[in-house]
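Asker: Residues per chain are reported as follows:
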Amino acid sequence: MDLETLLSYEWGTMAPEFIILGVATALSLLDLFMPKKVDRRILGWLGFTGILAAIVALVSLIGHDTTSILFDTFRLDGFAKAFKLILLAGAALVLLLAIDYEPKEGMKEYRGEFFYLFLTALLGAMMMSSSGDLITLFIGLELLSLSSYILAGMRKKNLQSNESAMKYVINGGISTAITLFGMSYVYGLTGTTNLKEMSLILGNIADPQHVYILGLAFFLIFIGLSFKIASAPFHMWAPDVYEGAPTPVTAFLSVVSKTAGFVILLRLLLAIFASVPVQGDGAEPLPLLLRMQDYLAFLAGATMIIGNVIALRQRNVKRLFAYSSIAHAGYILVALTTMSYFMFDAIWFYLLAYLFMNLGAFAILQLITSKTGSEDIGQFAGLYQRAPVLAVGMGIFILSLAGIPGTAGFIGKLNIFMGALIREPAHFVLVGIMIVMTVVSYVYYFGLFTQMFFRPAADDSKLKLSPGITTVVVICAAATVLFGIMPNLALDFFHQNFNGFSDFLQ
Amino acid sequence: MELLNLYQNNYLIVFVFLCLGVILPLVALYLGKLLRPYKPYDAKYTTYESGIEPFHDSRVQFNVRYYIFALMFVIFDVETVFLYPWAVAYEKLGIFALIEMLIFVLMLVIGLVYAWKKKVLKWT
Chain A
1 MDLETLLSYE WGTMAPEFII LGVATALSLL DLFMPKKVDR RILGWLGFTG
51 ILAAIVALVS LIGHDTTSIL FDTFRLDGFA KAFKLILLAG AALVLLLAID
101 YEPKEGMKEY RGEFFYLFLT ALLGAMMMSS SGDLITLFIG LELLSLSSYI
151 LAGMRKKNLQ SNESAMKYVI NGGISTAITL FGMSYVYGLT GTTNLKEMSL
201 ILGNIADPQH VYILGLAFFL IFIGLSFKIA SAPFHMWAPD VYEGAPTPVT
251 AFLSVVSKTA GFVILLRLLL AIFASVPVQG DGAEPLPLLL RMQDYLAFLA
301 GATMIIGNVI ALRQRNVKRL FAYSSIAHAG YILVALTTMS YFMFDAIWFY
351 LLAYLFMNLG AFAILQLITS KTGSEDIGQF AGLYQRAPVL AVGMGIFILS
401 LAGIPGTAGF IGKLNIFMGA LIREPAHFVL VGIMIVMTVV SYVYYFGLFT
451 QMFFRPAADD SKLKLSPGIT TVVVICAAAT VLFGIMPNLA LDFFHQNFNG
501 FSDFLQ
Chain B
1 MELLNLYQNN YLIVFVFLCL GVILPLVALY LGKLLRPYKP YDAKYTTYES
51 GIEPFHDSRV QFNVRYYIFA LMFVIFDVET VFLYPWAVAY EKLGIFALIE
101 MLIFVLMLVI GLVYAWKKKV LKWT
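Going down the list, the sequences are from chains A and B.
According to this note's numbering, the first sequence is numbered sequentially starting from 1.
According to this note's numbering, the second sequence is numbered sequentially starting from 1.
Simulated from the structure, these hints should not be mistaken for laboratory data.
Worth double-checking, as some hints may not be accurate.
What the hints assert, rightly or not - Capping the alpha-carbon separation at 27 Å, the derived lysine-lysine pairs in DSSO-like fashion look like this:
id, chain 1, residue 1, chain 2, residue 2
1, A, K157, B, K117
2, B, K118, A, K36
3, A, K108, A, K156
4, B, K117, A, K37
5, A, K156, B, K119
6, A, K156, A, K104
7, B, K118, A, K108
Please build the complete structure, drawing on both the sequences and the hints.
Answerer: Laid out in C-alpha cells, this is it:
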C-alpha cells in the first residue's frame with residue numbers, strides 16, 4: 001500500500017479514539033516522570049478532560065457520513081456513534097468517581113495507573129463499537145478485558161481485591177477462549193474476517209451441515225460474550241468480582257464494560273447470523289438468528305430469575321448491586337431476544353438509563369462504604385437524617401432501578417415490554433417473567449429504601465461530600481428524572497441522528 | 001443424515017487411537033511387573049541424582065524476578081519476530097508498513113521506559 005491510499009482514508013473520523021489513545025499514553029509517561037510528591041489526582045482530571053474532548057469530537061462527527069477505514073477494521077456508522085456516546089459518558093462519570101476514591105490503605109503508588117487503565121479499557125470498548133472486522137473486534141475485547149483485570153486487582157494489599165482479580169482473570173480467560181472458538185468456526189466457513197463479506201457468503205449457504213456448525217458457533221459466541229454482560233450462564237463471577245474490586249472499578253464493570261459487551265454482541269450476532277437462511281417447517285426460510293430466539297429467551301429468563309432471586313438474600317450492598325446488574329442484563333436480553341423493530345431503541349435507551357441510575361447509586365455507595373469501611377446494608381440506616389439530599393438522590397436511583405414511573409428506568413422497561421409484545425407471536429411468557437421479577441426486585445430495592453428513610457442512624461456523623469461524587473450524583477439524578485419525564489429527548493435524538501442504524505452493514 | 005453418520009464414523013478412528021493410547025502403557029507396565037524380580041531395600045528407594053547422594057528437597061523455589069525477566073524477554077522477542085519479515089519484505093510493503101512499524105516500536109519503547117522506571121531491569 002502506498003502513501004496516497006493511506007492518506008485517502010478519513011482519519012479524522014477516528015478522532016475520539018486518537019484522543020483517548022493520546023491521553024492514555026501521555027498519562028502513563030507523565031505518571032512515570034512526575035516527581036513522587038506531586039498528587040496524582042491531576043492526572044485524573046487530565047484524563048477527564050481527555051474524555052470530554054473525545055465526546056466533543058464525537059458529537060461533531062454525528063452528522064458525518066458512514067466511513068470505513070482499512071477494509072472496515074474501523075467504521076463509523078450510526079451504531080458506533082450511538083453506543084460510543086454512552087461509553088464515553090459512562091467512562092467520564094466513572095473517572096470522576098475514581099478521582100475521589102480513597103481506600104483505607106491508600107493507593108499512592110498506583111493512582112496514576114488507575115486513571116490510564118480506565119482510558120485504555122475505554123479505548124477497547126470504543127474499538128468494539130466501531131469495527132466491522134472480527135480481528136479488530138477481538139483486539140478491542142481483549143484490550144477492555146485485560147485493563148479491567150488489572151483494575152479489579154488495583155488494591156494490591158487487599159485480600160478481597162486480589163481474589164476478585166484472580167477470579168476475573170480465570171473466568172475471563174475461559175470465556176474468551178469460548179468466544180474465540182466460536183469465531184473460528186465462522187471464519188472457517190467463510191474464509192474472511194470481514195463481517196460484511198461474511199454476511200454475503202453466509203447468505204448463500206445451502207448445506208445443512210454448515211448451518212448446524214453455524215448454530216454451534218452462535219452458541220459459542222453468545223455464551224462466551226455473556227461473560228462480558230454478566231448474564232447466565234457466565235454470571236457467577238459478578239458478585240465476587242464486584243465485591244472485591246475498588247468501587248469505581250465496580251461501577252465501570254457494571255456500566256461501561258456491560259454496555260461494551262452488548263455492543264459487540266449486537267454487532268456480531270446481527271452481522272453474522274441474521275443473514276443465514278434456515279429451512280424450517282414452513283416454506284419460507286427464516287434467518288438463523290430468529291430460529292435461536294427460544295434459546296435466547298430461556299437464557300434471558302434464567303438471568304432475570306437468578307439475578308433477582310439471589311439478590312433477595314444479600315446483606316452486602318456491592319453484592320446486591322452485582323445481582324441487580326445481572327438482572328438488568330436479563331432485561332436487556334429480553335429486548336435482544338424479541339428482535340422487534342424497536343430492538344435498537346429499546347436497548348440503547350435502557351443502557352442510557354442504566355448508565356445514569358447505576359452510576360449514581362455507585363457514587364453514593366462509594367461515599368458511604370469508604371466512610372465506614374463496611375459494605376453492610378445497615379450502613380445505609382438513617383441516611384435521611386444524616387444527609388437528606390443524598391438520601392433523596394439515592395431514592396431516585398433506586399426508584400429508577402426498580403422501574404417506577406417518572407424515572408428513566410421505567411421508560412426503559414416500558415420500551416422493552418412494547419418491543420416484546422408488538423411481535424407476532426408476542427412473547428407473553430418472557431414478558432410475564434420480566435414483570436414478576438421486577439416485582440421481586442422491589443423487595444430488595446425497597447429494603448434499601450426502608451433502611452435509608454425509616455431506620456435510626458447508627459452514627460450521626462456528617463458525611464463529607466467531595467466535588468467529584470457530588471457532580472456525579474447531581475448529573476445522574478437530573479438525567480434519570482429528565483429522561484423519565486421527557487424520554488423523547490433521548491429517543492428523538494436517537495431517531496434523528498442515526499437513521500435506525502440503516503448503515504449497519506453498508 | 002447420511003453425511004452426519006459419515007462425519008461421526010470419521011471419529012471412530014480417533015476413538016480407536018484413544019483406546020490404544022490408554023491400553024498400551026497399561027499393558028507394558030503390567031508385563032514389566034510380571035517379568036521383573038521384586039527385591040526392595042532402602043537404598044533402592046532413594047532418588048537417583050546422577051550418582052550423587054540426594055541432599056535436599058527436589059523442588060526449589062525460584063526467585064520471582066525470573067518471571068518478570070521472562071515476560072520482558074518474551075515481549076522483545078516477539079518484537080524481533082515481527083521486525084524480521086517486515087525488514088525482508090520492506091521493498092514491497094512501502095511507506096505504510098514503515099509508519100506502522102514506527103508506531104509499533106514506539107509503543108514498545110514506551111513499554112521499555114515503563115519497565116525501566118518501575119525498576120524491572122534491576123535485580124535488587
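Asker: All hints are to be evaluated individually against the structure, with a verdict given for each.
Answerer: Status of the hints after comparison with the structure:
no.	hint	in the structure
1	A/K157 to B/K117	22 Å, holds
2	B/K118 to A/K36	12 Å, holds
3	A/K108 to A/K156	11 Å, holds
4	B/K117 to A/K37	16 Å, holds
5	A/K156 to B/K119	18 Å, holds
6	A/K156 to A/K104	12 Å, holds
7	B/K118 to A/K108	14 Å, holds
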